[in-house]
Amino acid sequence: MKIAVIGIGQSLRGDDGVGVIAVCHWQENYPETANRSDIQVDVSELPGLALLDLLDGSDAAILVDAVESYSSPGTIHTLHQEQLAAFTSDAKSAHGWGVAETLRLDRMLNPGRQMIPIQLIGIEVEQMQMGIGLSKTVELALPRVCEAIQNQVQTLLAN
Amino acid sequence: MKTIEVPALARVEGEGGLYIGLQDGKAVEVRLDIYEPPRFFEGFLRDRFIQEVPDITARICGICPVAYQMSSAYAIENALDIKISPDARTLRRLMYCGEYIESHALHIYMLQAPDLFGKDSAFELAAIAPDVVKNALRLKKIGNQILKAIGGRSVHPVNVCIGGFYSWPEAAPIQALLPDLEWGLQTAIDCVKWAVTLPYPELEIDYEFVALHHPDEYGVIEGEIWSSKGRKLAIADYEKGYIEEHVKRSNALHGRTIDGNTYLVGPLSRINLNHEQLLPAAKKALKDAKLKLPIKNPYKSLIARAIELVDFYEEAIQLVKSYKPVGPAHVELKLKAGEGAGATEAPRGLLYHRYKIDENGLVKFAKITPPTAQNLPRIEADLLAMAPKIVKMPEAEATLTAEHLVRAYDPCISCATHFLKLKIEEVG
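Protein sequence lines correspond, in order, to chains A and B.
Anchor point for the first sequence: position 152 equals 151 in numbering that gives the first Met the number 0, and the numbering is continuous, going up by one each time.
Anchor point for the second sequence: position 124 equals 123 in numbering that gives the first Met the number 0, and the numbering is continuous, going up by one each time.
Just so you know, these hints were derived from the structure itself, not from any lab.
Watch out, some of these pointers could steer you wrong.
Said to hold, decoys possible - With the Cβ distance kept under 8 Å, some of the chain B side facing chain A (calculated, not the full set):
#: 1; residue: P129
#: 2; residue: K133
#: 3; residue: N143
#: 4; residue: R152
Quantities reported herein were computed from a predicted structural model and do not represent experimental measurements.
Ideal placement from N, C-alpha and C gives every residue a C-beta, glycine not left out.
Produce the entire structure from the sequences given, and follow the hints as far as they go.
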C-alpha cells in the first residue's frame, strides 16, 4: 500500500504554512516511518489542481493543511472523505483551487474509478498575515499534529 | 438609480470589484477596484541575502513562480555582472517551457473556456466535455512534471539560484518526459484548431503591444522591450518608457507608458510582436488558424495562448533531446554593491524586477512590476470600449460578457494584489 503524506500551505503567510511545517517536523521526529519506501512525502505551498498529480499512484492519502472554522487556534480537526467534500474552500478561482473542489473535479472526470481514502488533518489557525512564522499557539500544537499524522499513517499501514 | 451587483468574480485570483457607471444609457465610468491588501513582497525582501530572493519571490504566485525566480535572478545577476553559462540558460528556458505549459493549459481550458461554452465553471464544462477537461489536466500535468524534474517540486520549484542552478538535474527523469511531450505537442496543435472555432465576442482595440523581443528565439528571457508603437528599450531602461502610478481607490499600482497611455502585455503582444520567432509547428498552427495579424480582440488571447502552448511543447521537446549539461551548474558569486534590472516574459506578460544590493549581498531596495498591474488600466479601457454593447444586453449576459473580458486577460491579482464584483449603476 502506497501512502501519500502531503503538507499544504503558504509558509510566507503566518499560520497558513502550518501544514508544510508540520509535515517537515513529522519527517524529523518519525524518520523510520517517513523514510519507508511505501510512504511518499510531499509539501506544496499552493498545489491547486496539481494536488491530483501529488495523489497519483497512491492507495491512500493524508493531507495536512491549515483550517479556519472558528474553533480555538491550534485545534486539530480530522476530516474524512465525506466531511472533506462538504468543506467549502474560500478560493474563488482556479488559480487557487481548494482541496475539496480539486477532489470533486477528479471524481466527476473519473466516476468509475474507486476513490482512494483521503483524510485531512486540519490545524485551526490564529493569523494568516503576510510574514514568516507561526503564532505561538499554533506552534505549540505542532507535537500533537505530528502525533496525529503518525497515528493516521500507522492505522493505514495496519490495514 | 439602477444598480446591478454580482458576487465576486470566479476564475480570477483574489478579490475586487468591477463598476460600470451609466448616464442616459451610456457608460460614463468604468473602474476595476482592487480591495485586497497589497502584498508586501518588496518590503519582505529588504535585508535578505540575494540568494534567498528567487525562492521568496517565487511564492508571489503559485501559477508563475518560475517567472518571478527568473526575473529576480537576472536582475541580481546584472547587478553583480554575472553571466550564466549557456547550458544554464538553456535549462532556464526549459523550465520556463514547463511554466508556460501548466499556466496556459490551466487558463485556456479551466478559466476562459467555460465562458465560451456559456458555463459557470470548469465543473460544468467537465460535465458536458469530460475529455476536454481530462486533456487539459494532462497537458497541465506535463508542465508541472518538467518543473519537478528540474526544480524538485511541481509547484514552487527550488533549483534556480543566482548564477545558474544549484545543481544539474539528472538527465533520465527529464528524458523520460519525451513521450508525454510528443503527445502534448499534438494535443496543443489540436487545441489551436479547436480554439479558433469558439464563439468570441466581437471587439477590436488599437492596443500598444509591449513584449520582450529576442531576434534569435521567441522572447522569454533577455532581449529588448519592444512596443508596437516603435519604442525599443534595453531591459535596464524599462522605467524610462513605462511607469507605475498609484490609484487612490485601488491597492494595485497601475502601469502607463511615459506618455501617459495604456499598453498591453501578455500573449497577444508576444504573438503580434514575435510571431516570426515561433518554432515551425507553432508557426504552422498560426498560419492554419488564418488569423489576421495583429490580433486585436482581447477575447482571442485564448488562441494566442494555444499557439504558444504549441511553441513551448515544441521547444521543450528540442531542449529535452539535447539536454547534456557540462561544467559547473552555477557561476561562483562575487559580492559587490550594485543595482540591476531584469525582465522576463511571464505567461501573463512582461515581469520587471529591479534591485539595489549592498557589498554584503543584502537587498536594500526591490521593485517588482507584475504584468497584471501593467494591464489593469488597459482592462478598464477595454471595458469602456465594450460598454455600449454591454449596457444593451440583458443583465446576466452583460455580467458574463464583462467578466469574460476580464478573465480573458488571465489577471493574476494576487501578483498585482487582488480582485472582483460587478456593479452597474445609473448615475445622475
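Check the structure against each numbered hint from earlier and tell me which ones fail, lowest number first.
Every hint satisfied by this model.
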